[in-house]
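As a plain string of letters, each chain reads:
There are 2 protein chains.
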Amino acid sequence: MAETHSLSNLLEKLVNLPGIGRKSAQRIAFYLLKAPQSESIFLAKAIETARCKTKFCSNCFSFTEDELCSICKDTKRDRGLICVVEQPDDVFAFERIGEYRGVYHVLHGAVSPLDDLGPNKLKIRGLLERLKNNEVKEVILATNPTTEGEATAMYLAKLLKSYEVKVTRIARGVPVGSDLEYADEVTLLRALEGRREI
Amino acid sequence: MAETHSLSNLLEKLVNLPGIGRKSAQRIAFYLLKAPQSESIFLAKAIETARCKTKFCSNCFSFTEDELCSICKDTKRDRGLICVVEQPDDVFAFERIGEYRGVYHVLHGAVSPLDDLGPNKLKIRGLLERLKNNEVKEVILATNPTTEGEATAMYLAKLLKSYEVKVTRIARGVPVGSDLEYADEVTLLRALEGRREI
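As you go down the protein sequences, you meet chains A and B in turn.
Numbering follows my numbering, in which position 32 of the first sequence is assigned residue number 32; successive positions increment by one, without gaps.
Numbering follows my numbering, in which position 42 of the second sequence is assigned residue number 42; successive positions increment by one, without gaps.
If you are wondering where the hints come from, they were derived from the structure by calculation, not from laboratory data.
Treat the hints with care, as some may be off.
Which copy? The list can't say, so a pair holds if one copy fits it or any two copies do.
As the list claims (entries may be wrong) - Here are the simulated DSBU-like cross-link-like pairs (lysine-lysine), alpha carbons at most 30 Å apart as the crow flies:
no.	residue 1	residue 2
1	Lys23	Lys166
2	Lys76	Lys34
3	Lys23	Lys76
4	Lys55	Lys45
5	Lys132	Lys23
6	Lys123	Lys34
7	Lys34	Lys45
8	Lys45	Lys137
9	Lys45	Lys23
10	Lys158	Lys23
11	Lys73	Lys34
12	Lys161	Lys23
Okay, chain A solo, but in the shape it has when bound (with noise of 0.2 Å):
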């Protein structure tokens, strides 16, 4: 075998990294392998500055260096509209629309009974706490439209019932630019639910 020892163990963990499989993992091995030490090096700096510097926001729980993230320490933001997501990921993808002007909560996770994760390990308590103060008008709940996510939905829209604030949940329909024809029963019978008068 050509393989060496670093370069096995290269491998061995770029594998590991979500969407590279074997293929992948070697292109990108003999690519950091043959670019200029600099650049490799740079690479392998900026993911432990990333990983060593991130915590999370001590308010919504996403992403942050400092103690609050930059959303949340934003005075701009409207503070009475939280838009509840699963993972810090969501918030990245909802800041992608440029539209959205509330502020965020992250739960870190669903409720899967199946892995055995309960309400109790998500970051809730952190959510009634920024209820306590009547300043937040409407909770969204934008988990995803699983089974892990509408189920942590349908559990928070019950726990929010004793407090006055408006609870909505994102529209699940047929996505836009996407052909009816392909589209599964689930989310088709949800598109019709959720039609509106034009």
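The hints should help you fit chain B onto chain A, whose structure is shown.
Below, chain B without anything else, positioned relative to chain A:
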């Protein structure tokens, strides 16, 4: 924007990797931020170690951590047979077959007039050195079946005429498992030209 400084720096480095677009970079970055700190740091260290330890074999110019690569050191390999390839990656591709028992020579590129890459930029002198002791019986030209690879093979074939060595070129033809209908004209022409009696 929700991106922290260290995260955008990491994303910027990740999108430079081959086959990694914006979305994949984000997925990998979020994975690294959420993974146990040790896991992300092990990856960073693996990149750094692999890049710093890896050099080119002084004989065949493939990857190695020592003076000679494991193939050049292996006394069971047939030193009379040299497979000439463009990149170290190609050595691994041939090794995956598990059938080739000869050794390699990595050119580190191919003749490419458009990129101002002449034969003097390739590791050809090292190859000629290896032919001097008359131990080599055959040189297999296994450069890519591209314009540059073919030009390099032609150049080397001409150059090696003055040496007492058999020079061969790997077969170009229809790839196994493919559909003739989708083969391009040049490939089909090569497959016809290279036909053999069965």
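Hint by hint, here is what the structure shows:
no.	hint	verdict
1	Lys23 x Lys166	neither (49 Å within a copy, 33 Å between copies)
2	Lys76 x Lys34	between (47 Å within a copy, 28 Å between copies)
3	Lys23 x Lys76	between (46 Å within a copy, 28 Å between copies)
4	Lys55 x Lys45	both (17 Å within a copy, 21 Å between copies)
5	Lys132 x Lys23	neither (52 Å within a copy, 37 Å between copies)
6	Lys123 x Lys34	between (44 Å within a copy, 15 Å between copies)
7	Lys34 x Lys45	both (18 Å within a copy, 17 Å between copies)
8	Lys45 x Lys137	neither (43 Å within a copy, 47 Å between copies)
9	Lys45 x Lys23	both (24 Å within a copy, 21 Å between copies)
10	Lys158 x Lys23	neither (47 Å within a copy, 35 Å between copies)
11	Lys73 x Lys34	between (42 Å within a copy, 22 Å between copies)
12	Lys161 x Lys23	neither (51 Å within a copy, 37 Å between copies)
The earlier numbered hints that this structure contradicts are 1, 5, 8, 10 and 12.
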